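Now for the letters of each chain:
2 protein chains.
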Amino acid sequence: MSALPHVVILGGGFGGLQVALELARAPLRVTLVDQNNHHLFQPLLYQVATAGLAVTDIAVPLRQVVRGQANTTVLLAKAQRIEPERRVVVLADGELAYDRLVVATGAESSWFGHDEWALHALPLKDSRDALAIRSRILLAFEAAERCEDPSARERLLTFVVIGGGPTGVELAGALAEIARHTLARNFRRFEPGSARILLVEAGARVLPTFPEELARRAQAALAGMGVVVRTAHPVTNIDFDGVELGPERIRSATVLWAAGVHTTPITRTLGAPLDRAGRVHVAPDLSLPGRPEITVIGDAAAVPWRSGTVPGMSPGAMQMGRHVARNLVRELRGEPPLAFVYRDKGSLATIGRSKAVAVLGRLRFSGFPAWMLWVLVHVFYLIGFRNRFVVLTGWAWLYWTKQRGARVILERPD
Amino acid sequence: MSALPHVVILGGGFGGLQVALELARAPLRVTLVDQNNHHLFQPLLYQVATAGLAVTDIAVPLRQVVRGQANTTVLLAKAQRIEPERRVVVLADGELAYDRLVVATGAESSWFGHDEWALHALPLKDSRDALAIRSRILLAFEAAERCEDPSARERLLTFVVIGGGPTGVELAGALAEIARHTLARNFRRFEPGSARILLVEAGARVLPTFPEELARRAQAALAGMGVVVRTAHPVTNIDFDGVELGPERIRSATVLWAAGVHTTPITRTLGAPLDRAGRVHVAPDLSLPGRPEITVIGDAAAVPWRSGTVPGMSPGAMQMGRHVARNLVRELRGEPPLAFVYRDKGSLATIGRSKAVAVLGRLRFSGFPAWMLWVLVHVFYLIGFRNRFVVLTGWAWLYWTKQRGARVILERPD
Numbered sequence: 000m001s002a003l004p005h006v007v008i009l010g011g012g013f014g015g016l017q018v019a020l021e022l023a024r025a026p027l028r029v030t031l032v033d034q035n036n037h038h039l040f041q042p043l044l045y046q047v048a049t050a051g052l053a054v055t056d057i058a059v060p061l062r063q064v065v066r067g068q069a070n071t072t073v074l075l076a077k078a079q080r081i082e083p084e085r086r087v088v089v090l091a092d093g094e095l096a097y098d099r100l101v102v103a104t105g106a107e108s109s110w111f112g113h114d115e116w117a118l119h120a121l122p123l124k125d126s127r128d129a130l131a132i133r134s135r136i137l138l139a140f141e142a143a144e145r146c147e148d149p150s151a152r153e154r155l156l157t158f159v160v161i162g163g164g165p166t167g168v169e170l171a172g173a174l175a176e177i178a179r180h181t182l183a184r185n186f187r188r189f190e191p192g193s194a195r196i197l198l199v200e201a202g203a204r205v206l207p208t209f210p211e212e213l214a215r216r217a218q219a220a221l222a223g224m225g226v227v228v229r230t231a232h233p234v235t236n237i238d239f240d241g242v243e244l245g246p247e248r249i250r251s252a253t254v255l256w257a258a259g260v261h262t263t264p265i266t267r268t269l270g271a272p273l274d275r276a277g278r279v280h281v282a283p284d285l286s287l288p289g290r291p292e293i294t295v296i297g298d299a300a301a302v303p304w305r306s307g308t309v310p311g312m313s314p315g316a317m318q319m320g321r322h323v324a325r326n327l328v329r330e331l332r333g334e335p336p337l338a339f340v341y342r343d344k345g346s347l348a349t350i351g352r353s354k355a356v357a358v359l360g361r362l363r364f365s366g367f368p369a370w371m372l373w374v375l376v377h378v379f380y381l382i383g384f385r386n387r388f389v390v391l392t393g394w395a396w397l398y399w400t401k402q403r404g405a406r407v408i409l410e411r412p413d
Numbered sequence: 000m001s002a003l004p005h006v007v008i009l010g011g012g013f014g015g016l017q018v019a020l021e022l023a024r025a026p027l028r029v030t031l032v033d034q035n036n037h038h039l040f041q042p043l044l045y046q047v048a049t050a051g052l053a054v055t056d057i058a059v060p061l062r063q064v065v066r067g068q069a070n071t072t073v074l075l076a077k078a079q080r081i082e083p084e085r086r087v088v089v090l091a092d093g094e095l096a097y098d099r100l101v102v103a104t105g106a107e108s109s110w111f112g113h114d115e116w117a118l119h120a121l122p123l124k125d126s127r128d129a130l131a132i133r134s135r136i137l138l139a140f141e142a143a144e145r146c147e148d149p150s151a152r153e154r155l156l157t158f159v160v161i162g163g164g165p166t167g168v169e170l171a172g173a174l175a176e177i178a179r180h181t182l183a184r185n186f187r188r189f190e191p192g193s194a195r196i197l198l199v200e201a202g203a204r205v206l207p208t209f210p211e212e213l214a215r216r217a218q219a220a221l222a223g224m225g226v227v228v229r230t231a232h233p234v235t236n237i238d239f240d241g242v243e244l245g246p247e248r249i250r251s252a253t254v255l256w257a258a259g260v261h262t263t264p265i266t267r268t269l270g271a272p273l274d275r276a277g278r279v280h281v282a283p284d285l286s287l288p289g290r291p292e293i294t295v296i297g298d299a300a301a302v303p304w305r306s307g308t309v310p311g312m313s314p315g316a317m318q319m320g321r322h323v324a325r326n327l328v329r330e331l332r333g334e335p336p337l338a339f340v341y342r343d344k345g346s347l348a349t350i351g352r353s354k355a356v357a358v359l360g361r362l363r364f365s366g367f368p369a370w371m372l373w374v375l376v377h378v379f380y381l382i383g384f385r386n387r388f389v390v391l392t393g394w395a396w397l398y399w400t401k402q403r404g405a406r407v408i409l410e411r412p413d
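In order, the protein sequence lines correspond to chains A and B. Numbering-wise, the first sequence is residues 0 to 413 according to numbering that gives the first Met the number 0. Numbering-wise, the second sequence is residues 0 to 413 according to numbering that gives the first Met the number 0.
If you're looking for bench data, these hints aren't it; they were derived computationally from the structure. Note that this is a predicted model, so its numbers are computed, not measured. We put the CB at the ideal spot given by N, CA and C, even for glycine. Some hints could be false.
Said to hold, decoys possible - Pulled from the structure, derived: some chain B residues nowhere near chain A, Cβ distances all over 12 angstroms: (1) 24; (2) 58; (3) 75; (4) 142; (5) 144; (6) 188; (7) 233; (8) 275; (9) 393.
Stated by the list, open to error - Away from chain A, derived, C-beta distances all over 10 angstroms, residues of chain B: (10) 55; (11) 183; (12) 337.
What the hints assert, rightly or not - Pulled a few chain B residues facing chain A out of the computed Cβ check, cut under 7 angstroms: (13) 80; (14) 83; (15) 87; (16) 141; (17) 405.
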């Protein structure tokens, strides 16, 4: 086609999409590769899993986002491996040659070496996961309504969320609201409010990345909603019947996994040093050491920050995406790449209706102000005006009626 | 539980749900059985298939609808057969005894004896069908963007809708809008507006149940949108490569089936006389001849009207549901059942943005007034305020921006 340098971006998440958008006017040929046709607003995925939103409310077609960029092509394909020597990306069906490569392939659930747990615990990384969780939760209540045996029913009405990070806290809080409010008066054989929701965390407290004071408040808020929080309880086994915490067994039909993540396998094909989570150790400018034509961003990259690394959340990924795009433009001008500097925007976690915790620089919020901040930030960053509008009205509806608009089981019982 | 007579309703569609709602205050034990946990607003299903709405926008949980009715239980289960002698319904997992049975199991797609066509043509009867069609349509455009061979690309960009009834007309019109407006500027290798959309009808004209004049206008409106309408062209074959209309072959990667329907197999287990479409010939009070304790309503029943039968649309099903409920209450009072009288509310079909046709008694509308009427009627009958609101705002959005909020492919390419 054109003689312009070809930039290939792997992944249309927060990082990769940001690169493409920043390069809109650059004299480059840009190809954005993703195995989904849409960008997914991950921070709200737990609300799809808990029947508050539809997948389509938090997804926007990648083609639509970049439709105005004549220099950008979107490719719906799965990248299988990278061959740095040949400068090609091998797809399931073909190859893609690049001059510059941006790896923004993110992370997937990690089972800490217990892959067999994947048979029993449900992860939450993509839209299919969210729909699977939604069905499992709703089907557990349906099965309980048909169940004659009290102890079997108790197992069906026990929900275990593993992992006390923001996602785990959000899932546990939403489950409590579903049981106590959304499903009220929907069943004849049992009181949905009697469902047990457990949040299990191996570490000393929930929200380990948050200040201790806020984590305590989040834990208190969860307890107030009826969630049983078990900190310092590492999971030792997960099977069809439930979860084992050392000697203790919790019988549960619905175990949700919000614990660990690991980069997608493709990072291994870069032949670069990786950390335990499979993240690439990048140079200060986010490039692959010794391979300036390849950069790695977002959850796929281990970028040093303070005592650890940049947290795997959207602000970091977007900042890295913009930085890489700027360095690509600098390169066109013959300027050297700049080192990436992460700017901490603080962190937010929501627990439920009017309940959240927030850190903004030195400021700490909790309760309604933090929740309002959470709502505003998420709506603001949600791509696509229509989605913003639909999500905001959906939340208003949920707030006033406690009803959830997406209580749909797509699977058939048989 | 209780000594009250047990009324079992099979099917939570327009007819069955209406029966349950009307019996809310009756001294009866009501069990509503459906294989889905939600009532689906069928008339808008084509908009889910064409990425205009999410399934959750047109679905409402059955439990939520009847939550206020202490006498009503919802059972998520698949009814396999009815045993009239024993007065039981056999479920996939157990049995259900009834005193009175209402069969409202509706219809499914019929292939006119060519079941092999089901491998290549996509039907549109439930939410899974709609999501499958949505993916197929969007994936065809994605594949075209990656396709080097012009003739293969032409096949990918050819969409054939079989069946000129309201659903076929609605699908063809929506496809034309997607190609010409929604996807504009989304692709680099081809102009989406160049996609071919064909509407194939075996009969002499589209919308056979409508007055000829309106059918002509609908056909003209479709032509104006670029849809090629082929009337008097019966389909003789459907295979992986496309469709055959007698000697003519149309190469197409996406064939949608909106032609025939047949009742679900369970009606056969009633041991009653059925018509060609499997519908039960019922007595004037909608009961099974010789079995007054069983009534059949909606698409499952063949109810004489004028020269034919009551059309298989929601108004007829809802009227039958209310009638059966009233007869059940009359029976409790020792009063004899009344004969069912269908009241024709007219008919509506939409072709696209500001385009529709409507018959109301002697009145005939087309164009914007008919479309407005269509919008109002559908929003009015949509169950659940939230759905009404979400759908209405979604349509306003679609109307002004021509963008569709549900352009999401859930399947992975590999």
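Hint check:
Non-interface status of residue 24 of chain B relative to chain A is upheld: no Cβ of that chain comes within 12 angstroms, the nearest being about 16 angstroms off. With a cut of 12 angstroms on Cβ distances, residue 58 of chain B falls inside the contact zone with chain A, its closest approach being about 5 angstroms. Distance check for residue 75 of chain B against chain A: the nearest CB is about 5 angstroms away, which does not clear 12 angstroms, and the non-interface claim fails. Non-interface status of residue 142 of chain B relative to chain A is broken: a Cβ of that chain comes within 12 angstroms, the nearest being about 8 angstroms off.
A beta-carbon of chain A is positioned within 12 angstroms of the beta-carbon of residue 144 of chain B; the least distance is around 8 angstroms. A beta-carbon of chain A is positioned within 12 angstroms of the beta-carbon of residue 188 of chain B; the least distance is around 9 angstroms. The Cβ of residue 233 of chain B lies farther than 12 angstroms from every Cβ of chain A, with a closest approach of about 32 angstroms, so its non-interface assignment holds. Annotated as non-interface, residue 275 of chain B keeps its C-beta farther than 12 angstroms from every C-beta of chain A; the closest such distance is 27 angstroms.
Residue placement check: residue 393 of chain B does not keep its beta carbon more than 12 angstroms from all beta carbons of chain A (closest about 7 angstroms). Separation of residue 55 of chain B from chain A is inadequate, the least Cβ-Cβ distance of about 4 angstroms not exceeding the 10 angstroms criterion. Once the 10 angstroms rule is applied to beta carbons, residue 183 of chain B is inconsistent with being away from chain A; the minimum gap is 8 angstroms. Remark: the non-interface label on residue 337 of chain B is consistent with the geometry, its nearest Cβ contact in chain A lying 31 angstroms away (cut-off 10 angstroms).
Interface hint status for residue 80 of chain B: violated, as the beta-carbon distance to the closest one in chain A is roughly 13 angstroms, over 7 angstroms. The interface hint given for residue 83 of chain B is violated, since its Cβ lies 23 angstroms from the closest Cβ of chain A, which is over the 7 angstroms cut-off. Among the interface hints, the one on residue 87 of chain B is violated; its C-beta lies about 16 angstroms from the nearest C-beta in chain A, farther than the 7 angstroms criterion. Hint status for residue 141 of chain B: holds, given a least beta-carbon distance of 4 angstroms to chain A, under 7 angstroms.
This hint holds: residue 405 of chain B has a C-beta 4 angstroms from the nearest C-beta of chain A, less than the 7 angstroms allowed.
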